[in-house]
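There are 2 protein chains.
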Amino acid sequence: MDWRSIKFDWNRARAFLVTAEEGSLSAAARALGMTQPTLGRQVTALEQELDVVLFERIGQRLALTPSGLELLEHVQAMGEAATHVSLTASGQSQNIEGSICITASEIHAAYLLPPIIDKLRRAEPGIDIELIASNSASDLGRREADIAVRSFRPTQPELIAKKIKEVPARLYATTHYLKKIGFPKTAEDLNEADFIGFDKTDMLVKGYNELGLNLTLKNFPIQTESHLVHWELVKQGLGIGIVPEDIGDAEPLVQQALPTLAPIVFPIWLTAHRELKTSRRVRLVFDLLADELS
Amino acid sequence: MDWRSIKFDWNRARAFLVTAEEGSLSAAARALGMTQPTLGRQVTALEQELDVVLFERIGQRLALTPSGLELLEHVQAMGEAATHVSLTASGQSQNIEGSICITASEIHAAYLLPPIIDKLRRAEPGIDIELIASNSASDLGRREADIAVRSFRPTQPELIAKKIKEVPARLYATTHYLKKIGFPKTAEDLNEADFIGFDKTDMLVKGYNELGLNLTLKNFPIQTESHLVHWELVKQGLGIGIVPEDIGDAEPLVQQALPTLAPIVFPIWLTAHRELKTSRRVRLVFDLLADELS
DNA sequence: TTAAAGCTATTCATATCTGCATGGACTGGA
DNA sequence: TCCAGTCCATGCAGATATGAATAGCTTTAA
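Chains as they are written, first to last, in numbering that gives the first Met the number 0: chain A, 0 to 293; chain B, 0 to 293.
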């Protein structure tokens, strides 16, 4: 077989891929943990190697040429294959030592996981943990994390998911705030109250009203996408927020705003990539998380 | 986006791919134009990087581990994508300078192409030519050549093919040999003659007999897969062979064995990869070949 | 049994690549 | 207009990878 067609420097192709997707050499360098001059030289070298102009240097900005766009498609295919290489490699690795990356929503990462991770560290000191607190669903398919703690079932078939349990969440506010609005006894008493909203507030309104409340967007004067900021706003008396029951009840600053109201139930799903479950390390952490969370 | 999954060294993946396919580090090194120590170190480094044992070192030989086999599939996918990158890159390159690789059967490479290549070199001194004389159909899809001169129409849809002309081929032998078998006048007179065979002699027998001869495998005591050796055997009087008309008639050492017999007609197809036809250089050479051959 | 050919692993000098520091250029906002 | 932020290009020192040479091993053939 003649290998002429793959003799070009594959790392340069990778440099081109990340540069094109990130939009700049600097961003690509940050993403790859390299420096911008290195990336720049690699891309230039690829252009010379393939004898194709990939980027148009318009002042500071790089713009893909039509040729570059054409090539990008195929380099993306290389990238996807590379992702599979990386994934199955991690899956094949039976080494218990190494690092593992867990992603969870802020509230879980801050209150639910720390004791579990502590236990894990004691049991397996060889495993390093990276914890990504993010409310946007990380893409496990692209290996942004190894294991995800989510409140919904993933749809991608390449992921395996396990429903751990259902967590009841309730409305909380400071005693001071509840006093200010007259210690509500019924759902109607909350019609004029201030609630802390998330970024997808309309979904939240719908959920609340299905439980018997009667709220509109006017009840959400403050919004934040951060669960932790949400919780802080509640604890500092700016309004009513929704928090998992065990976290809320453990906080002396607040109390349930309407204990008679049925809780909103959030499931907790543990998710990992199918390929990764063949890794001893991932399986160990996955099983321990499943154990401890339930 | 997090690029952790493609951060590993892609050149090492390439080293692994070629090593696995070629079967040894040394062979892979030859194929890639590198040295064996380099390939060996790259493969070892990949094993450490991915924390997977790819090869089992059994004495001198490398044997893929199950994990390595698993990974190989995905690395092969990278390789295919890389081939596409290389192909479209060459297609995008509008630079007329550069090298081009033409494959043809030995007989064409030796007698048909030299004057045309000479003309091409004069017209475009910037284009370097690599001429691969091979009777096994080179795989244009894998980019073993840029342009192929073939005697059959390629089936792959990603190739474009142009039928240049039909070349009549006739039976030739030395006068001395023809005298020895009594200057045959009819097809029957050849029933006991010696013919030079190719490796696929049964196909050849079928073709001859369709023209009115009545041969069996016993008529082919000598076989060679090489067209040039075939032609030399004929010129040195060892038997009757089949050669394109213009080549045979131009050779004073031989004459047609049975001029009344209808010629076997071989088409000449010019073939190139679809992607490559967008390259100025390839198109130029392709068109010149088409012109000159017809 | 021996010789030859093939393979991999190691050593060391060299060539290449990388990162750091810096300069110059462009953009957006005050 | 100026300034801060962001970007790409370049020079240079140090880190890294590469190739040539060699040694040691295994297989094959005589």
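Honestly, the hints are just simulated from the structure, not real lab data.
Some hints could be false.
Where chains are identical, the list cannot tell them apart; a pair therefore holds if satisfied intra-copy or between any two copies.
[Said to hold, decoys possible] Derived EDC-like pairs (lysine to aspartate or glutamate); straight-line CA-CA distance at most 20 Å: (1) Lys199 - Asp245; (2) Lys6 - Asp127; (3) Lys199 - Glu157; (4) Lys217 - Glu191; (5) Lys162 - Glu21; (6) Lys234 - Asp50; (7) Lys161 - Asp286; (8) Lys199 - Glu21.
Evaluation of the provided hints:
no.	hint	result
1	Lys199 - Asp245	neither (24 Å within a copy, 81 Å between copies)
2	Lys6 - Asp127	between (37 Å within a copy, 19 Å between copies)
3	Lys199 - Glu157	neither (27 Å within a copy, 48 Å between copies)
4	Lys217 - Glu191	within (9 Å within a copy, 105 Å between copies)
5	Lys162 - Glu21	neither (35 Å within a copy, 46 Å between copies)
6	Lys234 - Asp50	neither (62 Å within a copy, 46 Å between copies)
7	Lys161 - Asp286	within (10 Å within a copy, 62 Å between copies)
8	Lys199 - Glu21	neither (27 Å within a copy, 55 Å between copies)
Figure legend: structure checked against the earlier numbered hints; hints not met, in rising order: 1, 3, 5, 6 and 8.
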